[in-house]
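> Okay, here's what each chain looks like letter by letter:
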Amino acid sequence: MEVPAEMRRAMVAHALFCYPEEACGLLAADDRGRLRMAYCLTNADHSARTYTLEPEEHFRALRHAEARGWHLAGVFHSHTHTPAYPSPTDVARALEPGWLYVLVSLQDRAAPAVRGFWIREGEIEEEPLAVRPGETVEVPQ
Amino acid sequence: MSVEVRIPTVLRPKVGGQAVVTVQGATVREVLAAMEAAHPGFGPAVLEASGELKRFVNLFLDDEDVRYRQGLETPVADGSTLVILPAVAGG
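Chains B and P supply the protein sequences, listed in that same order.
Quick note, the first sequence lines up with residues 1 to 141 if you use the working numbering.
Quick note, the second sequence lines up with residues 1001 to 1091 if you use the working numbering.
Rather than coming from a laboratory, the hints here were simulated on the basis of the structure.
The reader is advised that the hints may include incorrect statements.
[Stated by the list, open to error] Listed below are several chain B residues computed to face chain P (Cβ distance under 7 Å; list not exhaustive): (1) Glu56; (2) Ser87; (3) Arg93.
[Stated by the list, open to error] In silico EDC-like pairs for lysine to aspartate or glutamate, Cα to Cα no more than 20 Å straight-line: (4) P:Lys1054 / B:Glu96; (5) P:Lys1054 / P:Asp1065; (6) P:Lys1054 / P:Glu1030; (7) P:Lys1054 / B:Glu57; (8) P:Lys1014 / B:Glu121; (9) P:Lys1054 / B:Asp45; (10) P:Lys1054 / P:Glu1073.
Predicted model only: the values in this text are computed from it and were never measured.
By construction, the Cβ of each residue, glycine as well, lies at the ideal position given by its N, Cα and C atoms.
All chains should be modelled from the sequences, with the hints used to inform the complete structure.
Now the structure itself:
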């Protein structure tokens, strides 16, 4: 799946901003499945080990996406000290088989890793992420 | 009151795969009771045995979190939309 460079930057910047807590957010895609927006949300847990999307912000992101003809297509969060790979907690709490689960690892904070996965019925499958340099995401107002 | 209930992916198997279900009810609690009546097994997915809303289930009635209104006793207007959003979480 292609990830616009500015979306990758937004996810990494949010992860660094929220450190030492885990960062989290949602991803929206258009009707062709192209990623269009990374919503950087509040981790309601304010924890270095777990995250829960702040419900009101989750709802606002849903509304924002749908108003533009998009849909929520994934969730991202950071691992502050472990690799960019779904933890057992991530697998246990994954409710959306159609969502891309993006992990941002700050294990090496100078070079954060970003990887994508599908989590279906307890199984993890990596989705290679191709970053499109210079891509500009147009956001209809 | 006719209410449109938006069903999250994880709960759709409990309502025959539908994304939207229309039921009747004067309060959020009545709407959920109507959902259970129409689709037995739906209620326990969103409510505790005590009848309270599960902690990891969020309900938005016409864009407002019912926890900040009157909870399950929040009155429902005809034509309202109730969005069920399970908490998105991980570790």
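> All hints are to be evaluated individually against the structure, with a verdict given for each.
How the hints compare with the structure:
1. Residue-level restraint check for Glu56 of chain B holds (minimum Cβ-Cβ distance to chain P is 6 Å; threshold 7 Å).
2. Evaluation of the Ser87 of chain B hint against chain P yields a held restraint, the C-beta minimum of about 5 Å falling below 7 Å.
3. For the restraint placing Arg93 of chain B at the interface with chain P, the shortest Cβ-Cβ distance is roughly 5 Å, inside the 7 Å limit, so the hint holds.
4. Using a Cα cut-off of 20 Å, the hinted pair Lys1054 of chain P and Glu96 of chain B holds, with the two alpha carbons roughly 19 Å apart.
5. Of the pairs offered as hints, the one joining Lys1054 of chain P and Asp1065 of chain P holds, with about 14 Å between alpha carbons and a cut-off of 20 Å not exceeded.
6. The straight-line distance between the Cα atoms of Lys1054 of chain P and Glu1030 of chain P is roughly 16 Å, inside the 20 Å bound, and the hint therefore holds.
7. Pair hint Lys1054 of chain P plus Glu57 of chain B holds up; C-alpha atoms about 19 Å apart against a cutoff of 20 Å.
8. Of the pairs offered as hints, the one joining Lys1014 of chain P and Glu121 of chain B holds, with about 17 Å between alpha carbons and a cut-off of 20 Å not exceeded.
9. Among the hinted pairs, Lys1054 of chain P with Asp45 of chain B is consistent with the structure: their alpha-carbon atoms are about 17 Å apart, no more than 20 Å.
10. Between the alpha carbons of Lys1054 of chain P and Glu1073 of chain P the distance comes to roughly 15 Å, so the proposed pair stays at or under 20 Å and holds.
Going down the numbered hints, you'll see the structure goes against none, and every one checks out.
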